[in-house]
Structures are given as structure tokens and as C-alpha cells.
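Engineer: In case you want the letters, here they are:
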Amino acid sequence: MVEQFQNNEALARQRIELLVREEWGKLLSCLIAYLGDFQLAEDALQDALESALQHWKRNGLPRSPAAWVLQTARRKAIDRLRRAANFKSKQSEYQLLLEMDRDEMEGEEMHEIGDERLRLIFTCCHPALDRKSSTALTLRTLGGLQTGEIARAFLDSEKAMAQRLVRAKRKIRAAAIPYVVPDAHQWGERLNGVLSVIYLIFNEGYFSGHGEAQIRTELSNEAIRLTKTLMELKPAEPEIEGLLALMLLHDSRREARQNAQGEMVSIEEQDRSLWDKSKIKQGLGILDEALRKLRPGPYQIQAAISATHARAASHSTTGWDEIVLLYDELFKVTPSPVVALNKSVAVSFSQSPKAALKLLGELEDALKNYQPFYASKADFHRRNGDITQARSAYLKAMELCNEENTRAFLQRRMDKLK
Amino acid sequence: MKYLALIYSPQNAAPAYGTPEFDAFIGEYQAATEVYAKDKVMIAGEALEDSSTATTIRVRDGKTETIDGPFVETKEQLGGFYLFDCENLDEAIKYAAMIPSAKHGAVELRPVQEFS
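Residue numbers (my numbering), protein chains in the order written: chain A, 1 to 418; chain B, 1001 to 1116.
Just so you know, not all the hints are guaranteed correct.
[Unchecked claim] Below, computed lysine-lysine pairings styled on DSSO-like, alpha-carbon distance capped at 30 Å:
# : chain 1 : residue 1 : chain 2 : residue 2
1 : B       : K1094     : A       : K171
2 : B       : K1103     : A       : K332
3 : A       : K354      : A       : K418
4 : A       : K171      : B       : K1063
5 : A       : K132      : B       : K1075
6 : B       : K1040     : A       : K171
7 : B       : K1002     : A       : K132
No lab work stands behind these hints, which were simulated from the structure alone.
Generate coordinates for the entire structure from the input sequences, incorporating the hints supplied.
Structural biologist: Encoded structure:
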């Protein structure tokens, strides 16, 4: 008897963990649609999960755990509203909710839950919220990450991160940021906003050297998962596919980017046998799908650049001419000096370091405080045989570098000069 | 939902009075106001005199202190406002973006607190 009980409890816990991992975003998105309030929805969902543990360990799992949790969360929300001090004055506002709830309970047991995640992600990434808050809110509401996990990933205190989330949720309510998928004339711009938040999450997990490795991997995986969700919900958008391909292709090199000592390894020196073949295959396949739609955009172009690396057997046999052309295309849609800098790196391999140095001359003004500018300059000088110039550029790059792993990488490079 | 749109502009950023640009600028304001009226979203809207005409008042210990000038001296000054009644922030942003001064200055949108 006791054994059975413990077994039930373990099962219930497992199922709840799975639910949080797989369906948190979906459940929360439905609750927000129903309640019109982020904080109340989150609190009610939390209440329902606690209640689920108590019920399921006693009575076993319901037929549809997700539907059970959703229905319980709705009741918990109504309980919370009833308990609230100002319920009386707001009763008329909630009358509809109460009626809907009664109808629901009289009806049959629910098995299907809806999916309002598209509305949820567009609201979290609304341009009226600052990017960091959007990022945190997206991870919390769609990804189901705990506040503490998000705080650790961004090197913030848990308290500061909790305040940021509370403020964002409060602003959504107080300023009436609508819980809607934007209409056609805003779609492109708003989708870009969503994609840039997701890419920010990925980059935080991939390029930044700080934070625990496990959390960083989780962030990148979460970004990939979010993009897959977005793709399911909106299949005809090639830029969503472009972003997914780009992240998968970057991520395929995760193992090769660091050596056993945890040091950064440049793509030139990476052991390509460590590249994840299945991620590359997935990435290339998704990119092909996207390109076939003939509506190119910055993520597809960046993915195409990454794909050129992924297809090459070695650094020297990489299609550098193709990469140069792709950077020209990218510059047309996003004319930034950073894109021009990246192009110069490709030129240094397709033509010569000398040709690349010539391109750098025009960028110095715009990038004079940008560490990678000097790192590239140093590398071009080194390969051009100009040790003195290379050394001074490495020193400048290290001076501008605020990231330990990268600084150590630059130092090793400089030490090898001679 | 009510939103207050506070219109901030750098001093002398708007076209000078009497120039054709000024007439065009005022024309744009009229056009925007007509849209607001047609869509029934405008509760109020006024342009303010220059901040050099401002008087700041504080009451301390029952005594009224009067200071010549605005409460905060800033490069961009408050030049006018609209009070909108909109469905949500997206709608308010759409109407605020029609304010001609948004092109050289900035419009701050603030939801009006609702007490229930």
C-alpha cells in the first residue's frame, strides 16, 4: 500500500515535470487568453501544478493531465479573484469568467487544450518592452524557465530579474499591450522583433563566455525550441526557417568551439570531426526549404554563410568566394559596419590579407571601439607577415575585450607571433 | 483605455512662424486632428506656450512657493499634449505616430490610471 503510494507520487512528479517542460507555454498562453492577465495566469498555473501533485499521487493520473491542469488553473484563478479585496467592485467584470467556468464544469471532461503561443510570443516581444525584458519574459512564459535560471544566464541577481519580470508584466497590463498576433501591415516588422529576441537568447547561450555551461546550452536549446514552435505555428515564413537553420548550423560546432582546457578555438583550427552531423543535416535541409520560397532575408543569408562553412571539408577548401558574395547580399539588407568587417575576413581568405586590410581602412572610424575589428586587423597583419602591426592590434583588441575567454584567446595568438 | 500623449520637442526644432514650412507643419497637425476626430479617439489636445512662460508651484508648510520656469530644465521641452481614448497600446501608438512633432521630437505615451 505504502509502496503503491510512493510509486504514485513519483509518477505524478514525473508527469508534472514533463508537463512544465513540454506544455508550460501552451497552458500559460491559454490561461492569459482566458484571464487577460499575465501575473494572475502564472500564479494560477503554479497553484494548479501544486494541486495536481496532491490529487495525482492519491488518485493516479487523469486521462489528459494538461487539460486537467488547465481546468484546475482556471478555478484557482477564480478563487484568487474571489479572495481579492476589490472583488466586489469588479464582480461585473468577472461575471463572464464565472459563467464560462460554470458552463465548463457542467460540460464533459476536457481533453484538448488550445494553443495561444503565437499571441503570447508577440506580446512578450512587443516593441514597447525593452529587449532584455522581452528576452526574460519569453524565457519565463514560453520556455517555463525559473526566474533563478534566467537570472544566472544573464549574470543578474534573482531579485533584480524577478523585479524586471514583475515590471514587464505590470506594464503589459497597465499600458494595455494587446494580447494579439499583429495584423498584416505590422507583421513583418513585429516578426523581426520576435526573431531578434530569440536570436538574442541563442547568442546569450552560444557566444557569451559567461555563465555556467549547462545553463548556456539550455538557453541555446530553448531558442531552437522556440523557433521550431514558431515554425509550426507559422509555417510559411522563410525567415523563421532561416533563423532555425542558422542556429542549428552554429550549434553544430558547439563541441568544437572549446578545447579540453575550455579555451576558445577559432573555426580555422576546429576539429571538424567534432561537428554535429545531424544538426548540420537538419540545418541544411531547413535552409533549402526556406530558400525555395524565394523571399530571402537576413537570417536566411546568414544561414547560407554558415552552411558554406558546414559543407566544407576543411578551412582552406571553404567556398570563400561564395561567402564574400553572400556578405554583399547581407550588406544590402542590413548595411552595418559589422557585416562589412565580417566580409573583410572572408576576403582575406578568398583574395589576400592585404586586400582585407584595405577594406578595414574604411571601417576604422565606425568600429574604433569594437574588439573584433582589432582582432581581425591583427590576424590580417600576422598572415601578411607584419609582426609589429599585428602585435599592436592584438594589444588594442585585448584592451577593448571584457570577456576572459576571448582575451585569453587573443593572448595565445599574440604569444605565437614571431 | 485613456492615454496621454506628451509631445516633447527640442527648442527651435519646429519650423519658424511665418515660413511656408510652418504652414505645412500646422496643416499636418490639422490633418492629424481630423483623423482623431473622425475615429473618435481624441478627448482633448492642446499646444502649450513656450516653457519660458512656465511657473512652478510648491506648497510647503501651507505656504505657496512660486518659481519662474519649468519644473525640470531639459533640452526637449513639453510643447503640447493629446488625451486619447483607445482600445489598447497598439492603437495609441498608431495615433501618436501621426503627431507631426514626432518627426523631430518625441512623443511619450502614458496610460491614464484607472481606479475602480
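Engineer: The structure should be examined with respect to each hint, and the outcome stated for every one.
Structural biologist: Hint-by-hint comparison with the structure:
no., hint, result
1, B:K1094 - A:K171, "18 Å, holds"
2, B:K1103 - A:K332, "26 Å, holds"
3, A:K354 - A:K418, "19 Å, holds"
4, A:K171 - B:K1063, "37 Å, violated"
5, A:K132 - B:K1075, "28 Å, holds"
6, B:K1040 - A:K171, "25 Å, holds"
7, B:K1002 - A:K132, "27 Å, holds"
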